[in-house]
Structures are given as C-alpha cells and as structure tokens.
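In case you want the letters, here they are:
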Amino acid sequence: MPTNYFKNYPDPAGFFEEYGGSFIPPNLQTEMEKITDAYYSISKSHHFISELRSIRKHYQGRPTPVYFCNRLSEKYGARIYLKREDLNHTGAHKLNHCMGEALLAKYLGKKKLIAETGAGQHGVALATAAAYFGLECEIHMGEVDIHKEHPNVVRMQILGATVVPVSHGLKTLKEAVDSAFGAYMQDFENSIYCIGSVVGPHPFPMMVRDFQRVVGIEAKEQFFEMTGELPDNVIACVGGGSNAMGIFSAFLEDPECKLYGVEPAGRSFDLGEHAATMTFGTPGMIHGFKCYLLQDENGEPAPVYSVASGLDYPGVGPEHSMLKDWGRVTYETANDTETIDTFYELSRLEGIIPALESAHAVAYAIKLAKDHPRQSILINLSGRGDKDIDFVMEKYGLPK
Amino acid sequence: MENRITKLFTKKDKEILSLYFTAGYPELNDTETIISTLEKHGADLIEVGMPFSDPVADGVVIQKSSEIALDNGMTIHLLFEQLKEIRKHVSVPLILMGYLNPVMQFGIENFCKKCSEIGIDGTIIPDLPLEVYESEYKTIFETYSLSNIFLITTQTSDDRIRKIDGLSSGFIYMVSSSSTTGAKGAVDQEQLAYFERISKMELRSKRLIGFGISDKHTFQRACGYSNGAIIGSAFISSITGVGTVTEKVIQFMKKFD
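Line by line, the protein sequences give chains R and B.
Be aware that the first sequence starts at 1, since it is given in our numbering, and climbs by one per residue.
Be aware that the second sequence starts at 1, since it is given in our numbering, and climbs by one per residue.
Take these hints with a grain of salt, some might be off.
Said to hold, decoys possible - Straight-line Cα separation of at most 25 Å, BS3-like style, residue types lysine-lysine; simulated pairs:
(1) 75/R / 258/R
(2) 163/B / 34/R
(3) 88/B / 7/B
(4) 171/R / 64/B
(5) 216/B / 255/B
(6) 395/R / 171/R
What the hints assert, rightly or not - So these bits of chain B aren't anywhere near chain R, every CB distance computed over 12 Å:
(7) 42
(8) 67
(9) 188
It is worth saying that the hints were derived from the structure and are not from the lab.
Yeah, the Cβ is synthetic: ideal placement off N, Cα and C, and Gly gets one too.
Build the full structure now, drawing on both the sequences and the hints.
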C-alpha cells in the first residue's frame with residue numbers, strides 16, 4: 001500500500017491506476033470540471049464541513065452503532081460485528097453521500113437533483129435530501145425494480161420526488177443509469193446528477209467515496225473501543241461499491257485487516273445469471289469510466305441479474321477495480337439461495353432484517369466464520385430489509 | 001493513399017453536406033443502399049454510426065435507431081464486412097462514429113488497421129478524451145492515415161479549441177453545448193454568438209456544424225459560419241416509416257437541391 005493514499009488516489013485526472021477517468025462527450029466534460037472544482041473548493045471549506053457534520057449528527061442520527069451479534073457468533077463461531085448503517089436515516093448508507101451531494105448542489109445554485117436507483121435506497125435517500133434542501137428531485141428506475149421494490153417507490157413519491165419508469169433493455173439498474181444520464185444531459189445547467197455509487201465519470205467515484213468515509217472512520221473507532229483491537233476481517237457487499245468503499249477506506253492502510261467485497265452470484269455462474277463483475281469481468285468502459293465490466297465480445301455491457309436490485313450492475317467502482325489488481329481487497333460471491341437463507345437467519349437470530357444487498361455480505365461472513373472461529377469479523381450492514389419483505393414473501397415464502 | 005476528407009476539402013470548402021445514419025437501421029442490410037443513394041444525390045461526406053447500447057452523446061432519435069440496429073444484429077465486425085463491399089463502388093469520404101468501449105474491445109490498433117484496409121477516412125468517438133487520444137492513440141491513428149475528429153461546444157475554451165485545432169487532420173465538429181444530438185429548429189442568438197466567436201478565431205482546420213440542421217434554410221444559415229454542416233437526427237427520422245429506403249433517402253436529399 002502506498003502512503004498518503006487519499007491524496008494520490010485518484011490522480012488529478014480521476015484515475016485509480018488505469019481505472020476511472022472521465023470518458024464522456026466534451027459538453028458534459030466541461031460540467032464535470034465545474035463540479036470537480038466546486039468539490040475541491042467548497043466541500044473542503046470550513047462552512048461546508050461544519051454544516052455536513054451537523055446534518056450527520058442531528059438529522060441522520062450518526063454515529064450509527066457497531067453491534068456484536070451474540071447468537072449469530074455463537075452459532076457459527078468467530079466474533080461477528082455489524083456496522084449498523086441500516087439505522088442511518090432512511091435505512092441505508094446512501095444518505096451519507098446524498099446529503100453531501102445535495103449540499104454541494106445547494107452551494108452551486110442548482111435547482112434539481114437527478115439520479116438513478118436500483119433497489120430504491122439511493123432514490124429514497126436523494127428524495128429525502130431534496131426535501132431537506134428544498135430542491136426538485138427526479139429519480140429514474142427500471143420497471144422491473146419498480147415492481148420489486150414497491151415500498152421504496154411510494155416513499156420517494158411521498159417525499160415529493162418524480163419517479164420516471166425506465167422501460168428499455170432489462171429494465172433494471174444499468175438502464176436506469178442510461179435514462180438518468182440522458183435526462184441530465186438535457187438540462188445540466190440547472191440540475192446535478194447525484195450518482196448512486198462510487199461509479200461514473202470523475203469526480204463522482206472520489207466524491208461519493210469521500211462522503212462515505214464517515215462509515216469507516218466511525219466503525220474503526222467504535223470497534224477499537226469495544227475490543228481494544230482492529231478487526232481481523234472487514235466485509236461488505238459490492239454492486240457499484242459505495243458502502244464497501246465507505247468501510248474499507250478506514251482500513252486500507254492496516255495490512256493486518258483482511259478486506260472482502262462480496263458480489264452477487266445470482267442464480268448461477270453463467271453470463272446473464274449473476275452480477276459478479278470482479279469475478280468474471282474484464283476491463284472496459286461504461287457510463288463514462290473504466291472498470292471491470294461484464295461485457296460481450298462486441299463490447300456491449302452484458303445482461304446481469306441478482307436477487308438484490310441494488311447489486312444488479314455490469315460495472316463496478318474504479319477504485320475497487322484497482323484494489324482487486326493490487327490484491328488489497330479479495331472479491332468473493334454469495335448466491336441468491338445463500339442470501340435468502342441469511343436474510344432469515346439474521347432476522348431470527350438477531351432481530352435485524354437486512355437488505356438483500358447487505359445479506360450477501362452476511363452470507364459470506366458466515367462462511368468465513370466457520371473457517372476462522374477465533375477471528376473477528378466486522379460487516380457493513382449497509383441497509384435494512386423492510387423494502388424487500390413483500391418480494392421475499394411472494395417469491396420464497398417463510399422458511400420451512 | 002490520400003485521405004478522402006483532405007482531398008474533399010481541397011476541391012470544395014463551402015457548403016459541405018454531411019449526413020449521419022446508424023448502421024443496421026432501419027434494416028440490418030440497408031447500409032449499402034443508404035450510402036450509395038446518398039453519394040448519388042449530393043452527399044459530400046457520410047458518417048456511419050456504429051450502434052452502442054449507451055450512446056450518451058446522442059438524443060432520442062439516434063438512441064432509438066441504435067437500439068433497433070443492435071436488435072437487428074449490427075456489430076463492428078459485420079459493419080466492416082458490409083463497408084468492404086461498399087467501398088468497391090463508392091468514393092465519398094466515410095467516417096465511422098461510435099463509442100470507445102466497442103472500439104477498445106475490438107482493439108485500437110486492429111480497428112485502425114481494418115479502417116485503413118477498407119478505406120475509412122476518419123472517426124468520431126465522442127467519449128474519447130483529447131488527453132487520452134494524444135498520449136495513447138494519436139500515433140496509431142496517424143500510422144493508418146485515419147483522421148480523428150473532435151467535438152467542440154459553446155463552452156469549450158479558446159485554449160482548448162486551439163489545442164484541438166493543432167491535433168485535427170480532418171475537420172472540427174461544432175456541436176451545441178446544452179444537449180445531446182437532435183434537430184432543434186431555428187438558430188438562436190446564443191448559437192450565433194458561438195458561431196461568430198469560432199469564425200473569428202481563424203482556425204487552420206475546416207469546421208462543420210452538427211446540430212439543429214434539418215432543411216435547406218438551416219443548412220445555409222450554418223454554412224454562413226462554417227465550411228458545411230452535418231445532419232443526423234432529421235435524416236434518421238426521414239428514413240423511418242413506410243416506403244423503400246431508397247425513395248426516402250432521395251426524398252430527403254431533394255430538400256437540398
């Protein structure tokens with residue numbers, strides 16, 4: 001690991017080694033440069049930082065706790081801890097970067113926030129931020145996800161956001177990004193695109209990571225206070241990778257902490273049946289940045305699938321791509337069945353219903369716990385599962 | 001062999017009429033018909049779009065045509081096969097327009113080599129950053145006498161335009177600032193100011209204006225500030241719907257007689 005990591009990655013052009021950058025048409029590039037400049041000047045200012053700190057404490061309810069799982073640890077061995085991002089306001093880590101992005105939008109004098117959403121968590125968080133700051137909000141969402149994540153659609157509408165259904169292609173997250181990007185291209189002078197993860201052209205992967213670092217900073221301190229040591233293993237699910245970057249960022253320079261990103265293996269390892277980008281992808285370009293990508297031989301993004309809408313993306317954050325090449329983070333998978341079993345397991349052993357996305361991380365933690373009964377495991381429980389209950393009951397029913 | 005774009009500009013530097021269409025649209029094998037009909041009816045330059053599922057620089061009309069073209073089965077490999085045949089009997093300059101990932105997966109060197117073998121004269125890759133072109137691709141493009149064409153907008157700074165002017169070997173493609181491709185009708189004041197600003201810079205490169213052009217009137221207006229213009233969305237819309245593609249192309253080109 002190089003020292004002074006956060007100053008060097010990304011480089012000034014937005015690259016994490018060969019990944020990232022900004023591969024977009026020149027009209028949008030000018031706008032991205034404005035956002036980058038604003039990010040460096042405004043978001044590092046004293047006023048911005050104090051306002052965001054106050055929001056984190058009084059509005060979001062931070063810090064969220066770290067919790068030791070008594071019964072889960074007893075059953076599977078190891079000492080398993082959860083960073084409770086499900087207790088962050090709106091029920092997921094997404095609000096951490098949405099409040100930051102919306103605050104920046106306010107300083108820039110933008111009127112409208114535009115974004116895509118998969119599971120609806122990012123959409124709800126952004127709609128919340130828009131309400132807080134009195135901005136308009138437009139959320140693009142695939143029709144498949146609209147059906148699957150109905151409670152979140154209603155939440156966004158209650159919060160005053162416009163939900164735009166996306167009906168092309170597979171009608172999931174990738175298409176929602178296409179559609180949101182298109183809407184933004186038509187009106188970038190008045191609006192800002194608040195991308196939902198550590199993806200997209202520079203400066204988004206950096207900006208979203210920096211706004212999510214609060215998760216890791218808190219968790220490291222809390223874990224140390226509880227145990228007097230650092231965790232042996234840190235685990236997070238990876239779709240685009242925002243919650244994972246949030247928690248990993250605090251441990252990157254501690255080589256004794258092993259870091260695991262868990263990707264969705266879906267129904268099988270056949271192309272189109274999963275969204276395990278790091279495991280099966282090759283370097284490519286999507287949505288204006290370079291990363292590992294699931295793609296066909298013509299360079300078209302491949303169809304992807306996961307039981308968790310929030311992980312259903314053929315690309316992944318450029319920083320994750322670099323950390324994979326460095327070998328600093330190990331990327332593993334959990335499939336649909338393991339995820340659903342874990343969804344019930346955590347609910348019934350600990351009284352915590354996890355988001356299906358986060359259940360992937362817990363599923364892998366259970367495997368790891370069995371192999372390393374003496375170690376400690378810190379999981380980023382990135383969101384709560386209320387949004388998933390109708391879908392899970394309808395498709396899988398209660399466990400036998 | 002001399003680059004056909006360069007050759008064109010030595011013969012003609014006013015009212016260059018350039019047409020864009022998406023390969024594989026409306027039907028997979030319409031490429032040849034469209035190109036040869038366009039050449040026969042007065043197109044000076046033809047841009048052939050390589051369809052991609054995520055065309056961020058394009059408006060709804062071109063996006064939709066790309067989606068249909070991909071469904072029809074269009075790929076870079078197939079397009080090269082078609083163009084190889086077409087090149088045997090057309091002499092109009094041909095430019096390929098598309099996005100970086102499919103080109104990267106084909107292999108940059110491979111792609112340029114193939115273009116040169118077939119007789120493609122230039123490329124427009126809107127998501128290829130100038131800096132990346134300069135540091136990684138420029139030498140390869142030059143080896144195969146391929147002109148890479150850059151886009152400028154109302155917001156592009158003078159410094160950057162000068163830099164692009166220095167790197168351009170075909171022409172500079174002027175687009176609007178605030179949106180994706182798609183004809184908008186009348187030329188407004190902001191656009192005129194932009195056209196005038198660029199004219200006054202006295203660039204060495206030829207310039208084509210590539211937005212808001214749909215008929216003879218808008219075409220001539222744009223030509224007052226440039227060496228010519230590019231029509232995309234309006235042309236694609238005109239070849240959509242009933243009738244043979246040949247008739248529709250002829251019908252459209254009649255507007256510019």
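With a cut-off of 25 Å on the C-alpha distance, tell me whether residue 75/R and residue 258/R pass.
-> Between residue 75/R and residue 258/R the Cα gap is close to 22 Å, so the pair holds against 25 Å.
May I ask you to check that residue 188/B keeps its beta-carbon over 12 Å from the closest beta-carbon of chain R?
-> Nearest chain R Cβ is 15 Å from residue 188/B, so the label holds.
Within 25 Å, alpha carbon to alpha carbon, are residue 163/B and residue 34/R?
-> Holds. Residue 163/B to residue 34/R sits at ~20 Å (cutoff 25 Å).
Under the criterion that the straight-line Cα-Cα distance not exceed 25 Å, is the pair residue 171/R, residue 64/B satisfied?
-> At roughly 15 Å apart (the allowed maximum being 25 Å), residue 64/B and residue 171/R satisfy the hint.
Straight-line alpha-carbon gap residue 395/R to residue 171/R, limit 25 Å | OK: residue 395/R and residue 171/R at ~19 Å, within 25 Å.
Distance restraint between residue 216/B and residue 255/B, which requires alpha-carbon spacing of 25 Å or less | holds, 6 Å
Verify that the Cβ of residue 67/B lies farther than 12 Å from every Cβ atom of chain R, and report whether the claim holds or is violated.
-> violated, 7 Å
For the pair supplied as a hint, residue 88/B and residue 7/B, confirm whether the alpha-carbon distance does not exceed 25 Å.
-> holds, 18 Å
Quick one: work out the minimum CB distance from residue 42/B to chain R and report holds if it exceeds 12 Å, violated otherwise.
-> Non-interface label on residue 42/B holds, nearest chain R Cβ at 29 Å vs cutoff 12 Å.
The structure fails to meet hint 8 from the earlier list, while all remaining hints are met.
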